[in-house]
Each structure stands twice: as structure tokens, then as C-alpha cells.
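Position chains G, A and U against the provided structure of chain E, taking the given hints into account.
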Amino acid sequence: MSNYASPEEYGLADLLCCAASRQVRDNEIVFAGTGLPMVAIMLAQKTHAPNLKLIFEAGTLDGRPPELPTSVGDARCETGASRSTGLFDTFSIAQRGYVDLGYLGGAEIDQYGNVNTTCIGNYLEPDLRLTGSGGNPDINSFARRTVFIMVHEKRRFVEHVSYITSPGWRVRKWPGGEWVHRRELYGAAFRGGPSAVISTAGVFGFDQEDGHMYLETYHPGKTVDEIRDLCQFDLDVSRVKGETEPPTKEELYFIHDVLDPDEIFIPKVKKA
Amino acid sequence: MSNYASPEEYGLADLLCCAASRQVRDNEIVFAGTGLPMVAIMLAQKTHAPNLKLIFEAGTLDGRPPELPTSVGDARCETGASRSTGLFDTFSIAQRGYVDLGYLGGAEIDQYGNVNTTCIGNYLEPDLRLTGSGGNPDINSFARRTVFIMVHEKRRFVEHVSYITSPGWRVRKWPGGEWVHRRELYGAAFRGGPSAVISTAGVFGFDQEDGHMYLETYHPGKTVDEIRDLCQFDLDVSRVKGETEPPTKEELYFIHDVLDPDEIFIPKVKKA
Amino acid sequence: MSTDKRITLQQAAEIVKNGSSLTFSGFTIWRRPVAVVYELIRQQKRGLHLIEVNGGPQTEFLVGAGCVDIWESCWVGHELYGKYGANLSRKVGKKEILVEDYSHAEMLFRFTAAAMGAPYAVTQTSLGTDIHNPEYDVLGRAGKRDGKRIGKQKYVYTDDPFFDAGPQVLIPAAKVDVAILCVQQVGEEGTVRISGQLYSDTEVARAADITIVVAEEIVPESYLRRDADHNTISSFEVDYIVECPFGAHPTGMFGKYDVDGAFLKDFFTNTRTQEGFDAFAKEWIFGLDHIGYLEKLGWSRMLNLRANTALNYKPRR
Amino acid sequence: MSTDKRITLQQAAEIVKNGSSLTFSGFTIWRRPVAVVYELIRQQKRGLHLIEVNGGPQTEFLVGAGCVDIWESCWVGHELYGKYGANLSRKVGKKEILVEDYSHAEMLFRFTAAAMGAPYAVTQTSLGTDIHNPEYDVLGRAGKRDGKRIGKQKYVYTDDPFFDAGPQVLIPAAKVDVAILCVQQVGEEGTVRISGQLYSDTEVARAADITIVVAEEIVPESYLRRDADHNTISSFEVDYIVECPFGAHPTGMFGKYDVDGAFLKDFFTNTRTQEGFDAFAKEWIFGLDHIGYLEKLGWSRMLNLRANTALNYKPRR
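Chain order of the listed sequences is E, G, A and U.
Everything in the first sequence is counted per the working numbering, starting at 599 for the first residue and increasing by one.
Everything in the second sequence is counted per the working numbering, starting at 599 for the first residue and increasing by one.
Everything in the third sequence is counted per the working numbering, starting at -12 for the first residue and increasing by one.
Everything in the fourth sequence is counted per the working numbering, starting at -12 for the first residue and increasing by one.
Since the hints were made in silico from the structure, they are not lab data.
Among these hints, one or two may not hold up.
In silico DSS-like cross-links for lysine-lysine, where the CA-CA straight-line distance does not exceed 27 Å [as the list claims (entries may be wrong)]: (1) Lys752/G with Lys70/U; (2) Lys820/G with Lys847/G; (3) Lys70/U with Lys771/G.
Bound-form chain E, shown alone (with noise of 0.2 Å):
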């Protein structure tokens, strides 16, 4: 990981692609979801975490597409696979336990980690109605590890979300509704949570005993104030370790020639 890329040879979509490869580790079991995720886990396939075993939700199993798909049902990700089968494998195997880590987005999150991609406003009289859960409540509920991947706004990073769709750390007991740890909620059945969150600003922890975020690196050009002017909620900063660290110009190829060289997820910077 030496060999970093200057400021002006990456962009913002480069620096979280690479924020997100960073979070697998070898021979993991990895759940992708379709964008920014997708290149992030063939990156660390290509690089530090060759035998990671890729699972698209629509139904393959230890993928290895040679062609970047467009979505998790594209017919690209059958290609090089062990196994080409539907949604039934996928989620038992999830709920059974295989999984190491997910990676999932938002449009609202809380400070446990709580993700809304259902509505904003009123569900029941939604002012804007999203596209719903998908998979994410199920990834995160069945991995051991779930990484975020965010556009860091104030409206986003919120005290409450709308509507939480996928479980943070906190998260409420039905039919009652109590606030508990997820820990306490879901006994046995606990495998972890939400264990980063990769924003457009800065790199977030979470503290798995009170299940509070907190930051842990900021971008190059962010600042610590910046960033936690940014949050509706009152935001951890007693963590932080520093900047980001920048992507490596053999990430950023393999990102630009070898991954995504149509520039369907990540964008090259233009050069002067």
C-alpha cells in the first residue's frame, strides 16, 4: 500500500472505491450489491484479497465476472462462477450464516447505524417514497460486518431516520417498539452490524458497546468541524485517527483500465 496517487490523479468516487476495497479481507465471503460496491470488491479481488468469495444476491455464487456487470442480475456475473443459481441459495446461504461482510447504501442514516432507503417523511403518507429495502435490512441483519457507502449530506446523516429500513446498532423491538441494542434483540441469532460507514466526507466506526458512530478518518481536504457540521446528530470525533488514506496508483488502474474502463460506476478525473 505504498505508491499513493496524488490529489489531482484521483476523485472522490476513486477515494471511496478504495475506502470500501480496504474493508475485505482475504478469503472473506462478501455479499455485493450492484455500483460503487461492485468495483470496490473486485478491486480487493484484483489486489490484497484474492480468494474472497463473491456472492451476487440474484443468484451466483463465488463470482468472478470478467466484465463489470451493471446490476447484480446482469448476465455478466454468471460468467466464472461456481455456481449460477437463484435468490433461495443466496439468502439461506446468507441466513445460514456464510457471510463475512455486505456492503450496502442509503439515503438517511442515524447515529446507530440505522439506514432508511424506504421513504422520506411519513410512511404512511410518504413526501417521497424510495425504492424501498431491497436487500439491505437482509445483508445486514445476516453478515457478520456491513460496510455503508454514503453521499455525505446533512439531511442524510440524521438524529432520525424516516423510516429505518435496515438495522444499525439500536433498533426497536417490535411489537412494542422499545429502543435495544441489537445485540439484546437479537440473541443467537447476533452476528455483528453496520461496522463502517464510507461517506462522500470521511471514514465512521461504530462503538459496538453503546452502538454509537463515531469518525475515524476524514477525506483529504475535509476538515473535522467541516464534517461534523455535517451530522443532525452530535457526532464522535474523539476517535479519530487521521486522513484517509488516498488510493494507490495500482488500485487506480486496476479501477480505470481493468474494472470499469466505460466508467459505468466511477468516473475518471479529467486532466487539465
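Relative to the frame of chain E, chains G, A and U by itself:
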């Protein structure tokens, strides 16, 4: 169904096989067990029910084996099938309600069609442990009709079976164990039950209201009194229609020249 | 044997009655039976209850055209060609449609339960989320939970009596009247062979009371039965079959053609208003049949989507 | 990539510890991992808990050799070569083994639940039979229901809260330590391709904590990955692989060899007494390794079982 064979041209196994075969109607979905039932169903497929769909419990759907399988897991089951898969599919399909008819056997049967294939004597300290249930209770629970093929001996047609492996028309409601009509216990899941017993002595039906077995036809050479004496329970002989229809020459041709030329399940009658 | 199950696209759409519950093959923007969906719109179906493992363009077509009263699913959008379902979103805001949210795995397990003949499934997903919030039982609030096709409850919260494995959530089987599938090959007796990812096709086919298969080609049963272990759905699970090349367009079909991204992007842009959708439907759905639609798309566009048969997709370079 | 999972037959057997719970691939007399079972007997395993969708010769070998304390299943026999499991029958009579009966579908759904990560399954089979008789809960009577590997209850009787679909019986997931499979092909990274009927192999492989695959041949992963939709079990579900031609003998293997009926018949006849079994084991198991066993069987016998590769079985004429 003209052109009947004369008594010296067929054996008891032929008679049973043909009687069993005639229980199938065209276009039905049939669950086939190992042995004589297999020959019976394939005989129906060759004669009056060309569009029946044959399911082999081990995983073949709509099979048309050109050579007689020796069991439902046999490699021969796969040839010409619509799909070769596994028990998850065959039992899901059965529980889902696709199956019209199943063929089964048993060591003991009572007057309500409860069948035992598990043990003789006290279950917890058995005199003789048999094979166990296999799919007998499953097929019998899921299919609309089931046909039992049995050796007719007095020790097998009993007042109470040692162990109810497969449910008849009056069954026990657990955890209490009260005897109730099958319709009452199964509720919305009720689809039917044992519709015929083909023994080495005759063909029997069931009164679906009170659930008791009655003699329908006696095999050539048997008498009603003889058959009544072969039952420990009081057999209803009030509905006897006459003699069991003998095999036709065409059926015998299919059994011995096409389906089971090697006498795997059906021995040939030794000509004098 | 006279077991040919062949019908036309029009007949396939006629099987779906007003008020039917309906589901589809495929995943988001792949292998959706769009040719039949267009025909449903032409036949002006009303009051449909869509129950989908996940939604996609087919949802947005039917919702935009006013065919749908209830949508039970977890997601709708056009992947990278349109980030959400704008017709659905607009109609939810205006309370013109009932939306019942389950998670993706829950929807899949609901269909699995139905396909297994079980009335419900046992899961441990989405614990602690608002998906499980009893206040958000939309069909319950609307008085639709009759215990017939729609379960009496949205969820039952329970525990594991065997292993103390943590809280269990019971979810009702997805009972649907009709499933419409879009696949590569079907035999004349109904045997289906799907290539590539299977998505949730085997489950929806078995869960539905009536299963209609639209295939790129109808092939001899004997061809499929030569390799029974490569087949995906058995003959007797399929009630009707339709041959319809390019029947999934604008969604993609593994081994045959890619997603028509430009078409979807244009459709999505139009769906931002009802007027936009109506204009789009007027141009691309009404007054056309499937061949007319293909003529309008044109050879150049369709050849450009064609999958390379060695790769099973259209390579980008 | 250094992901080769290859081990020897001896190592495979060593993975199974005394007291382990164990299950197998196959169905009655087909595709049973008998070569490993012989090795388990040579290594004198004790206290095994067999949980099988159905039993067969492998059960009878292990039970006869005194390796098994608990057998949970629904059936044991040798099909037309031996009408019941004589070793098991004798030991049940002498109370030397605990037998817990479930129905065939129940056993299958118990494994399906485990493979899905669910603690139990919901079924409607076998209602009203003695299989559901609470008095006949053998593991409960023996005080074995610890709620860890063995469920706290044999059954839970309940109702359907969604559709009034009739009484439901909940059955605990089949939790097993080790599954040993015997198949046609495995890749060096673990991808399995099974031809012919799959039986319950996908479920048992996923249900077990450790999955060992014994294959007729280890083939290049790249070969299997050329047609991912023809594969049966994914790489990461398999922990260890063994290449062992004729590893299922005397049971059969689709496409490779038929059941050795004469061998099974002879075995069954011998198992009518413990002395008979012991003599059989002395002759055919102890003091031999797999190659020694094949040498003893001889070329003529094995060539005579060989499947025709066009038919996938040995034609009778």
C-alpha cells in the same frame, strides 16, 4: 379392456399389477414407490393413461424410464424425465398439492386404512423393527388418493396396527391421542386418503364418511368368506361387486415383454 | 400425445382477470415478461394485486397504466437507468395504490413457503426495522387481511422452541393466482430450461395457481429431456406456453440480449409525470402488437443488444 | 490460488470424531460414501449420531460395526437386495441403539431448515400417525434433548395463524457436524457437479458444519465454471475433497456404475446375526484399504457394473 387372459396365463403378481394400474386415470400426477407399483404405473402409461405424470420420490419429475428402475433412486429414473432434481422438489410439489395418486405398501393395516411399516410389537421394545416409514405417511398425507398393495394374511389385516406409520381415515389427534376422522384432524389440509387396498386376496375400498374398509372385488379363485376370515376386524362385505377383473393379454405383454422382461418385480407364470 | 400448451400473447393476458394477484419471473431489469405486460395494459386490466420478490420496469408499466391496486414487494426501480419507481412513488404519495413492504429475503421466503405448500415461513431477517413495525401494516389498515389470499396478519413475532436461536418472525406464504415467466427455452409439454441466474423463478412458478411461460423459443420436449438435470421447471408445473422472441425487451435475457438501457432511461424520465407516462404508453404500447413493437424498435437497435453466444452477454468492447 | 482442498480417505475419516453427528449424500442404495464409511469402521469410531434423510447400506455398515449410538431417520434397508436393516433391527431389539423416527418428508424438511439457517420447519405431513405420538419421543425419554445439537422438543403442534390452513407441525432443524458426500465430479476449490438425481445432497451439504466431498474424479475448477448453471454445490460450501474412484461401491453412481446387488444381498444375508456381520467386516473392511478392496472385488465384477455413458446405467440386455 376386452381380450382377458385366461387363468393359467397369469399369476397373482400380474393380477395385482393390473388392478393397481387401473387405479390411475389419464393426466394424473402419480407418486411411484419402488417395486410392483412402478410396473403398475408404467403399465398404465403404456395403456389407458399415456399422459400420466410420474414422480419418483428421489428426484425425477414426469419420468418415462425406458428400462425398469429397481428403486426410485435408480439411475434409470432420469432417462427422458422432464426434470431430474431432488427430494426438496418432490416433497415440496407433493405438499403443494400437485399429487393425485400415490402407491404404497405395508406390513399391517387396520379397518380404517392405518398402515404400519415401522415395527411389530411395542414400539419402544419391538419384537421386530422393520424398515421404517420412508415416504409412506408423506405421500399418504399429501396425495388425493392412495392405493396400498399388500400381502393378505390374517396377521396383517388387524384390529389395531402395532404402530400407525401412515394415516388412514380415522387417526389419532396428538398430543392427546383421541381417535378422530381424518377430515376433522387435517382441516383445510384434507385432500383425501387411502382409496383402495389391493391385497393378494381382493380389492378393497373405504367408506369416506365413517372411514371403514369394505371388500369391493375378490380375486379369481377367492371367496368372500375366505377373505372375511383373513381379517382380524369385521370386514364389510355388503358392497362386493364381484370378481376382480383379470389382466388382458395386452397388459401381460407390456408387463413381461416390455416393462419387466427380467422378472425383477413380476415373475412370469411358468407354463406347464 | 396432445399435450401442447401453446397459446398466444393475447390469450396469455386474458388469463389474468381484473382483481387477480400476479407475479413475474426475473430480477429488477432482467427476464421480465414485458410483452405480456404490454398486452395486459392494452387489455386495460384493473385492480391487479402484484406480489413480487422485487419490482422493475414491469411494475412501473402496470402501475403507470393504472392496472394495479396493491403492490407487495421490497424494491422497484430500473437499476442504473432510473434510480426509483417514479410511477409507484407518485401514486403512493397520492394514495392511489396500497404498498405493503417486506424485505427482499422475506419476499423470497414467502414465495418459497407457498411453493412448498406451507402456509408460512420462519425467518430471522430485518429484526428491529420499521418493516416489522405493526403500525405500518398497510393491508391490515385497509381491511384487506381476509385470511384467504391475504394472510390474516402481516407478521407473527415468536420464539424458537427448539434451540433458543433468537426471535423468529413468521411471514405468510405468497399466494398468487398467476405467475408469468419469461425464459430462454420451453418444451411443448411445459418443461423449462433457464440459463444463467434463476432468480426466484422456480419458486414463483410453483407458488402460483396458474403458470404461464413466455419463451424465446419453444423447443422439442425430447431435446430438453435428453438432459433432465439441466432443466429448471417441470412440465406439469406449467399450464400455458407462449413463443415470443424478445419478449423481455427492454429488460435483458441471459445468453440472448442485454438490457436496453437507453429505452429504460427514456421510460424512467417520462414516468416522472403521469402525462409523461401516458405519452410513452401511447407511443410504445397502445396501437401496437409485439411485431409492431419490434418493427418500431428496429433492427439496428435490437442487433446492438444481441448477446454474444460464447459470452452470454453483449461485450462492451 | 492455493485453495486446494484435497485430503485422503484416511484424513476424511479422521475429521469425524467419536460422538460426532454425521450425515451422507445419496438415497437408499445410491451414491453413498461407502469408502469413507469403511474407513470410519477401520478407525473404530464410537458414539456416532447419524441423522439421515434415509438410511441404507452405509447405515448398516456403521451400525453393525458398533459405531452408532443414535440414529434419526425414517427408513433403512437395501431396496430389493435386502428388505430391512437387519443390524439396526437387531440392535433396536436389544436396546443397543436409540432410534428416533421422523417421516421422510420431515427428515428432508429438517435438513432444508438447517440449510436455510432456520431453527425449524413448518409441515403438514404424517398428521395422526404414531410418528407424532409424544410417548414415542425416544431422545426425549433418554434425556438427550439439550436444545444444543438436539432440539428441546421432537415436535411442536400448532396452528396456522395466517390462512387457517390446518394443523401445523414444527420440526427442529437437522444440525449435523459433518456431511460426507459421494459424487461424480468436484473441482479443486470445491465446486460440485452432480449428475442425475440430486437426492438431498444440496441440503445436507449446506446443513452440516463441515462438508467433505468424495468424488469419482477431481476436475479443474475452470472446467466446471464454464457452465456455472450446471453445478450443484458451490465452492465455499465444501471444506475438503477426496478423489476416490468407485467410492460408492456397493451402492451405485449415476453415469458411472450400477448398484452391486449381489454384494448387497450377500451383506444383508450376513447381517442377520452379529457374528455374520463381524465375519463380513473381517473379510471386506478390516485389513484392506480402498485399492485392496477394489483388487479383491476384481476387474470382472467391476467392469460388469460399469454404466454405459450414453445411458448413464448398465443396460440389462
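Each hint, compared with the structure:
1. Lys752/G with Lys70/U: The hint holds at about 21 Å.
2. Lys820/G with Lys847/G: holds (22 Å)
3. Lys70/U with Lys771/G: Violated, at about 31 Å.
Consistency note: the structure conflicts with earlier hint 3 alone.
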